[in-house]
Each structure stands twice: as structure tokens, then as C-alpha cells.
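All chains, full assembly: derive it from the sequences and hints.
Residues per chain, in single letters:
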Amino acid sequence: MLVFPGSNDDWDAALALEALGGDAVLVWHGDRELPDVGAVVLPGGFSYGDYLRCGAIARFSPAMRAVADFAAEGGLVLGICNGFQVLCEAGLLPGVLRPNESLAFVCRDVAVEVERTDTAFTSRCTRGQELTIPVKHGEGCYFADSELLAELAGAGQVVLRYREGDNPNGSVDRIAGVVNAEGNVFGLMLHPEHAVDPLLASTDGTLVLATLLDAVREQALTPA
Amino acid sequence: MRVSVLVRPKPGILDPQGEAVEASLRHLGFSVEEARVGRLVDLEVEAGSETDAREQVERMCAELLANPLIESYEIELGGNRAER
Numbered sequence: 000m001l002v003f004p005g006s007n008d009d010w011d012a013a014l015a016l017e018a019l020g021g022d023a024v025l026v027w028h029g030d031r032e033l034p035d036v037g038a039v040v041l042p043g044g045f046s047y048g049d050y051l052r053c054g055a056i057a058r059f060s061p062a063m064r065a066v067a068d069f070a071a072e073g074g075l076v077l078g079i080c081n082g083f084q085v086l087c088e089a090g091l092l093p094g095v096l097r098p099n100e101s102l103a104f105v106c107r108d109v110a111v112e113v114e115r116t117d118t119a120f121t122s123r124c125t126r127g128q129e130l131t132i133p134v135k136h137g138e139g140c141y142f143a144d145s146e147l148l149a150e151l152a153g154a155g156q157v158v159l160r161y162r163e164g165d166n167p168n169g170s171v172d173r174i175a176g177v178v179n180a181e182g183n184v185f186g187l188m189l190h191p192e193h194a195v196d197p198l199l200a201s202t203d204g205t206l207v208l209a210t211l212l213d214a215v216r217e218q219a220l221t222p223a
Numbered sequence: 000m001r002v003s004v005l006v007r008p009k010p011g012i013l014d015p016q017g018e019a020v021e022a023s024l025r026h027l028g029f030s031v032e033e034a035r036v037g038r039l040v041d042l043e044v045e046a047g048s049e050t051d052a053r054e055q056v057e058r059m060c061a062e063l064l065a066n067p068l069i070e071s072y073e074i075e076l077g078g079n080r081a082e083r
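Same order as they appear, the protein sequences are chains U and C. Heads up: the first sequence at position 31 corresponds to 30 in numbering that gives the first Met the number 0, and the numbers run straight through without jumps. Heads up: the second sequence at position 41 corresponds to 40 in numbering that gives the first Met the number 0, and the numbers run straight through without jumps.
Possibly wrong hints are sitting among the right ones.
[Said to hold, decoys possible] Using 25 Å as the maximum straight-line C-alpha spacing, the simulated DMTMM-like pairs for lysine to aspartate or glutamate come out as follows:
1. Lys135(U) to Glu181(U)
2. Lys9(C) to Asp41(C)
3. Lys9(C) to Glu17(U)
4. Lys135(U) to Asp41(C)
5. Lys9(C) to Glu138(U)
6. Lys135(U) to Glu217(U)
7. Lys9(C) to Glu72(U)
8. Lys9(C) to Glu75(C)
9. Lys9(C) to Glu146(U)
10. Lys135(U) to Glu72(U)
[Stated by the list, open to error] Covered stretches of chain U, as calculated for chain C (at least 3 residues, CB under 8 Å):
11. 48-55
12. 91-97
13. 100-109
14. 132-146
The set of hints was computed from the structure by calculation and includes no laboratory data. A virtual CB, placed ideally from N, CA and C, is assigned to each residue, including glycine.
Structural data, given as C-alpha cells:
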């Protein structure tokens with residue numbers, strides 16, 4: 000779990016992963032090396048105060064260089080909200096997240112449809128399954144130009160889409176979560192770590208986080 | 000050397016901030032057809048020549064100051080503004 004100055008969901012995500020049987024280690028953004036981990040999570044928050052553009056500064060932190068190397072070697076990387084913005088700015092995921100169409104900060108449960116279930120982040124879901132998970136962001140409007148959108152559609156890189164009529168931020172083609180072409184880096188604006196306990200109304204977030212833990216365990220069992 | 004960079008949302012890119020400004024200006028009674036909101040970055044760059052300064056700032060724009068997916072930029076040095 001990477002921690003940037005301004006991250007604020009690092010502990011929530013770490014606790015959620017631990018509740019699901021994972022072992023979370025917090026890594027400070029200034030660290031040049033990652034500990035021996037099975038996956039990296041970039042949490043939500045407002046890294047570096049969201050200065051310039053969300054995620055634009057965080058991608059230059061020493062730890063992000065290590066994450067880029069980790070991803071290049073096929074390591075699993077999950078970016079949640081601000082983490083998604085950082086991954087886009089770092090070029091580890093396609094597209095960019097812009098201010099919400101409404102200009103208003105949106106904080107509520109939204110419904111998304113799962114389009115891909117053959118990823119290390121969604122294999123516990125069924126195709127077309129509707130997940131209800133909260134969002135909370137001011138800049139979650141996913142944008143890709145028509146050329147990039149065609150590329151994403153062709154390669155099946157759109158993993159989650161907001162339900163028709165429930166697009167909280169004006170994202171193009173209702174895109175809520177995308178995976179890279181190699182399938183090991185995933186970003187979403189939703190906060191699965193806030194939907195892991197019946198007390199929080201929805202437990203759909205466990206499907207994403209537990210899938211990631213499954214993938215990490217599977218990796219550990221597969222001889223390199 | 001003093002260098003200014005003007006970063007703008009590319010044409011066709013939805014600019015909700017610009018729309019809000021436009022609506023507010025209209026509300027004030029101004030007849031405004033369109034408003035787009037960008038960003039101005041003023042820099043003091045150590046450079047041997049204007050060419051050197053421009054090259055450095057081009058790299059800054061490519062690496063950090065603008066996101067080419069959604070933004071265009073103009074570099075102004077010595078009063079000469081070159082559109083990119």
C-alpha cells in the first residue's frame with residue numbers, strides 16, 4: 000500500500016485487505032524500493048494536494064519508479080480513485096481523469112456493470128454483474144479520445160462501466176474502471192475498501208479486493 | 000530567463016469550469032459566447048539562449064506541465080509566443 004502525502008484511504012484499504020485475509024504493508028512514497036510483495040495498491044486521497052492535475056506530481060515520487068518497474072515485470076497494481084489518477088498520469092493506464100462534468104464533488108453509492116471477469120481484479124464477479132460501491136471524488140470524469148476509445152474497446156480494456164443513467168461524473172462511455180493491455184494494472188474511481196462490511200450497506204467491494212488476494216495467492220503458488 | 004506557459008483545454012474537450020464561468024458572466028449581463036479556463040505557469044529558467052530555454056520548457060510541458068490528451072500549450076519567452 001503506497002502512501003503519498005495527502006493519501007487518506009491507505010489505512011481503510013489496508014484494513015479491508017487484512018479483513019479479507021491479506022497482509023498489508025504501508026510503503027512511504029519516498030522509498031526507492033518496494034518490499035517483497037505480491038501486489039501494489041495505490042490508495043485514494045489527494046496526493047500532493049492534487050496540485051497541477053490530480054496525480055501529476057505523485058507519479059514522480061521515488062516509490063512510483065519502483066511501481067513502474069514492478070508493473071513492467073508483470074506485478075499486479077491496483078489504483079483506487081486518486082491511485083487511478085496517478086496510474087493514468089504515470090502512463091501505466093490509458094486515458095486521463097478530469098474534473099466532474101457537474102463540477103461538484105460526488106460522494107455516494109453508484110452501480111457499475113462488470114464487463115470483464117477474466118482479470119486478476121474481477122474474476123470473482125460474473126459478467127454483467129451489477130456492483131454497488133461508493134465513489135467520492137471531484138475529478139473522476141474519465142476521458143479518452145475516439146482513437147483511444149476504439150483501442151480500449153478492441154482490446155477489451157474497459158472492465159467496469161457505470162450503469163446507464165448512473166454516471167456520476169460524466170465519464171466518456173460511462174467508463175468506471177480500465178485495465179492495461181497486459182492485464183496486470185487496474186484502476187477504478189470506486190472505493191471497494193468502503194464496501195466490505197454489511198455495516199457499510201454494500202459488501203460488493205470485497206469481490207474486487209478478494210479477487211486481487213486470490214491472484215496474489217495463486218502467484219505465490221506458481222513456481223517462477 | 001522569464002518564460003510563461005499557457006496551458007489550455009484542447010478544442011472539443013469539455014470544460015465544465017469554462018462553462019460555469021460563461022454562465023456566471025451571462026448572469027452578470029455580459030454577452031459571452033464562450034469561456035474556456037486554462038492555466039498560466041510563470042517560470043524563471045536558467046538558460047544560455049532563447050533556443051535553450053525553449054527546449055527546456057518544451058520538455059517541461061511534455062513531462063509535467065500539460066497532459067497532451069486534453070491540453071495544448073503555448074510557450075512565451077521574450078514576448079514571442081509560439082503556439083503548439
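Outcome of the hint check:
no. : hint                   : verdict
1   : Lys135(U) to Glu181(U) : violated, 28 Å
2   : Lys9(C) to Asp41(C)    : holds, 20 Å
3   : Lys9(C) to Glu17(U)    : violated, 43 Å
4   : Lys135(U) to Asp41(C)  : violated, 32 Å
5   : Lys9(C) to Glu138(U)   : holds, 17 Å
6   : Lys135(U) to Glu217(U) : violated, 32 Å
7   : Lys9(C) to Glu72(U)    : violated, 35 Å
8   : Lys9(C) to Glu75(C)    : holds, 18 Å
9   : Lys9(C) to Glu146(U)   : holds, 16 Å
10  : Lys135(U) to Glu72(U)  : violated, 31 Å
11  : 48-55                  : holds (count 3)
12  : 91-97                  : holds (count 3)
13  : 100-109                : holds (count 3)
14  : 132-146                : holds (count 4)
When the structure is compared with the earlier hints, violations turn up for hints 1, 3, 4, 6, 7 and 10 and for no others.
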